[in-house]
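> Note that the protein sequences, when read in sequence, are chains A and B.
Here the first sequence is numbered in this note's numbering, starting from 1 and rising by one per residue.
Here the second sequence is numbered in this note's numbering, starting from 1 and rising by one per residue.
It is possible that part of the hints are untrue.
Unchecked claim - Calculated cross-link-like contacts (lysine-lysine; reagent style DSS-like; alpha-carbon spacing at most 27 Å):
#1 B:Lys35 to B:Lys198
#2 B:Lys57 to A:Lys206
#3 A:Lys172 to B:Lys174
To be verified - A short, non-exhaustive set of chain A residues, derived as facing chain B with CB atoms under 8 Å:
#4 Arg20
#5 Ser51
#6 Ser53
#7 Ser147
#8 Asp150
#9 Val187
In case anyone wonders, no lab produced these hints; they're calculated from the structure.
We put the beta carbon where it would ideally sit given N, CA and C, even for glycine.
This is what each chain is made of:
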Amino acid sequence: MTSVVGVLDYGCGNLHSVLRACARFSDNIEIVEEFQNNLDLTHVVLPGVGSYSNAINEIRTRGLDQLIHEKLNDGVPLLGICVGMQVLTTEGHENCFSSGLDLIGGTTEMLSLTKSDNSSRIPNMGWNAVMPGINGNDNQLFAGLESGFDAYFAHSFEVKPNDRTDISASSKFDGRDLVSAVKRGQVYGVQFHPEKSGESGLRVLKNFLSIDVLT
Amino acid sequence: MGEQKWRVDPEKPRNKFTFMSMKRLIARLDIKGQKVIKGVQMEGQRIVGDPAELASKYYEAGIDEIFYLDTVASLYGRENMTAIVEQVAQSIFVPLTVGGGIRSLDDARLMLRSGADKVAMNSAAVSNPRLLQEVSSTFGSQCAVLSVEAKRVENDWEVFTNNGRDRTGVFVGKWIESAQEFGVGEVFITSIDRDGTKRGLDLDLKKLARSCTDLPVIGSGGVASVQDFHRALREADLDGVCVGAALHSGTVEIDQIRNELAEHGIEMRKVS
Numbered sequence: 001m002t003s004v005v006g007v008l009d010y011g012c013g014n015l016h017s018v019l020r021a022c023a024r025f026s027d028n029i030e031i032v033e034e035f036q037n038n039l040d041l042t043h044v045v046l047p048g049v050g051s052y053s054n055a056i057n058e059i060r061t062r063g064l065d066q067l068i069h070e071k072l073n074d075g076v077p078l079l080g081i082c083v084g085m086q087v088l089t090t091e092g093h094e095n096c097f098s099s100g101l102d103l104i105g106g107t108t109e110m111l112s113l114t115k116s117d118n119s120s121r122i123p124n125m126g127w128n129a130v131m132p133g134i135n136g137n138d139n140q141l142f143a144g145l146e147s148g149f150d151a152y153f154a155h156s157f158e159v160k161p162n163d164r165t166d167i168s169a170s171s172k173f174d175g176r177d178l179v180s181a182v183k184r185g186q187v188y189g190v191q192f193h194p195e196k197s198g199e200s201g202l203r204v205l206k207n208f209l210s211i212d213v214l215t
Numbered sequence: 001m002g003e004q005k006w007r008v009d010p011e012k013p014r015n016k017f018t019f020m021s022m023k024r025l026i027a028r029l030d031i032k033g034q035k036v037i038k039g040v041q042m043e044g045q046r047i048v049g050d051p052a053e054l055a056s057k058y059y060e061a062g063i064d065e066i067f068y069l070d071t072v073a074s075l076y077g078r079e080n081m082t083a084i085v086e087q088v089a090q091s092i093f094v095p096l097t098v099g100g101g102i103r104s105l106d107d108a109r110l111m112l113r114s115g116a117d118k119v120a121m122n123s124a125a126v127s128n129p130r131l132l133q134e135v136s137s138t139f140g141s142q143c144a145v146l147s148v149e150a151k152r153v154e155n156d157w158e159v160f161t162n163n164g165r166d167r168t169g170v171f172v173g174k175w176i177e178s179a180q181e182f183g184v185g186e187v188f189i190t191s192i193d194r195d196g197t198k199r200g201l202d203l204d205l206k207k208l209a210r211s212c213t214d215l216p217v218i219g220s221g222g223v224a225s226v227q228d229f230h231r232a233l234r235e236a237d238l239d240g241v242c243v244g245a246a247l248h249s250g251t252v253e254i255d256q257i258r259n260e261l262a263e264h265g266i267e268m269r270k271v272s
């Protein structure tokens with residue numbers, strides 16, 4: 001089966017970076033701006049920059065939440081990137097409270113600097129090592145990558161899953177662990193930007209696009 | 001390169017159990033028309049090369065980020081060069097910051113849709129600081145960069161706009177503090193006096209910027225050697241250093257900077 005990658009466009013963010021990066025590994029990429037009935041997709045990518053509340057509102061207004069739920073029911077893998085990963089959680093605590101897609105039970109909260117190591121900042125912007133495979137939640141997304149590969153982060157909020165087995169990779173921030181990837185069934189999320197993380201990031205996207213639809 | 005002319009800071013040994021955020025190496029491409037140019041103190045510019053070719057070359061060599069500045073956009077009020085941004089973004093998979101002529105939320109949106117990850121604002125932000133707020137609240141603060149171009153004026157640093165031509169009467173310290181209130185996520189500070197001179201970064205200016213904000217601070221203007229990077233990252237505690245002239249001329253090489261800094265205990269991205 002040839003892959004058809006649906007990249008969800010809800011008007012915020014760096015859609016084209018994600019498209020260009022995916023185009024390295026797939027000839028069939030569809031930009032999906034709203035819910036469509038008979039869309040045949042093998043992979044769904046939910047990019048994201050901006051705020052949780054903006055993102056989730058736009059996703060709902062365009063019916064993309066319905067599309068996501070339908071595709072997951074069909075066994076299609078989903079990859080949320082940065083804010084796209086954050087909105088997978090149950091709720092976001094930003095300026096206001098917003099309910100999310102609830103695909104990963106948990107919350108999205110503002111980063112805080114507790115034990116200042118004098119080098120961490122908010123926003124957390126820059127390169128950081130990613131350690132996959134903690135909690136035995138090893139997944140295909142990181143195949144072929146060394147533990148501690150570097151990826152680019154740009155965020156002020158972090159995901160806190162209720163079930164720690166949903167955490168599939170962690171990174172260090174302010175001397176503590178930060179959730180840098182989640183996985184639950186066919187739902188994948190990365191806090192970093194694979195489309196901006198050099199060759200390692202491209203490998204993550206390549207790995208995602210080689211995950212099969214569950215039948 | 002052989003001998004090391006500066007000493008390793010004994011208080012900060014490279015230790016895998018001590019977490020330090022990674023420092024960033026950023027390549028600066030000053031664009032005029034269709035070409036990358038480089039002047040001295042933002043004047044007397046000469047052509048260095050093609051934007052997409054240089055960006056791609058630096059990406060392949062392991063640069064952490066690219067900073068693209070359209071040097072004439074804000075001066076002539078010309079339309080933004082989305083075509084070049086698109087071209088530059090085509091083959092690089094690291095963050096791209098675009099500055100020069102970002103005057104409105106729509107300008108910012110256009111740049112982001114063309115392939116930029118962050119937009120840097122200077123001239124328009126000085127005349128309309130609410131622009132910073134609009135961009136950061138719409139696209140997130142990680143996307144809104146305050147670009148500060150400063151010249152030493154008596155015992156202080158004054159903010160200049162329009163590629164170093166116009167005085168503003170605004171001073172660096174106050175300006176950075178208020179911009180942080182408007183929600184920007186990063187401060188990019190350039191010393192106009194040092195720009196293109198390869199005389200080393202103005203450390204006092206960088207330290208001032210550092211002392212005014214908790215945000216990531218990137219320094220630019222005058223980098224000539226690995227030692228300049230080291231001093232900026234250690235003494236001024238910057239989060240990244242941006243290099244233009246010295247990189248274009250081959251005075252420094254990306255892997256050399258990375259390796260020597262890592263040897264001196266600075267956390268750098270591992271490029272495979």
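> For the hint on Val187 of chain A, does the least C-beta distance to chain B fall short of 8 Å?
With a closest approach of 23 Å, the Val187 of chain A hint is violated.
> Is the hint on Ser147 of chain A kept, meaning its closest Cβ partner in chain B is under 8 Å away?
violated, 12 Å
> Can we keep the Asp150 of chain A interface hint, with Cβ of chain B closer than 8 Å?
holds, 5 Å
> Let me know if the C-beta of Ser51 of chain A comes in closer than 8 Å to any C-beta of chain B, holds or violated.
holds, 6 Å
> Restraint: Ser53 of chain A near chain B, CB-CB cut 8 Å. Satisfied or not?
It is violated, given that the least Cβ distance between Ser53 of chain A and chain B is near 10 Å, above 8 Å.
> With the threshold set at 27 Å, check whether the alpha-carbon distance from Lys35 of chain B to Lys198 of chain B stays at or below it.
holds, 21 Å
> Assess, step by step, whether the Cα of Lys172 of chain A is no farther than 27 Å from the Cα of Lys174 of chain B, and give holds or violated.
violated, 32 Å
> When you check the alpha-carbon spacing of Lys57 of chain B and Lys206 of chain A, does it fall within 27 Å?
holds, 23 Å
> For the restraint on Arg20 of chain A, tell me whether the closest CB of chain B is nearer than 8 Å.
holds, 7 Å
Hint compliance for this structure: hints 3, 6, 7 and 9 are not met, and every other hint is.
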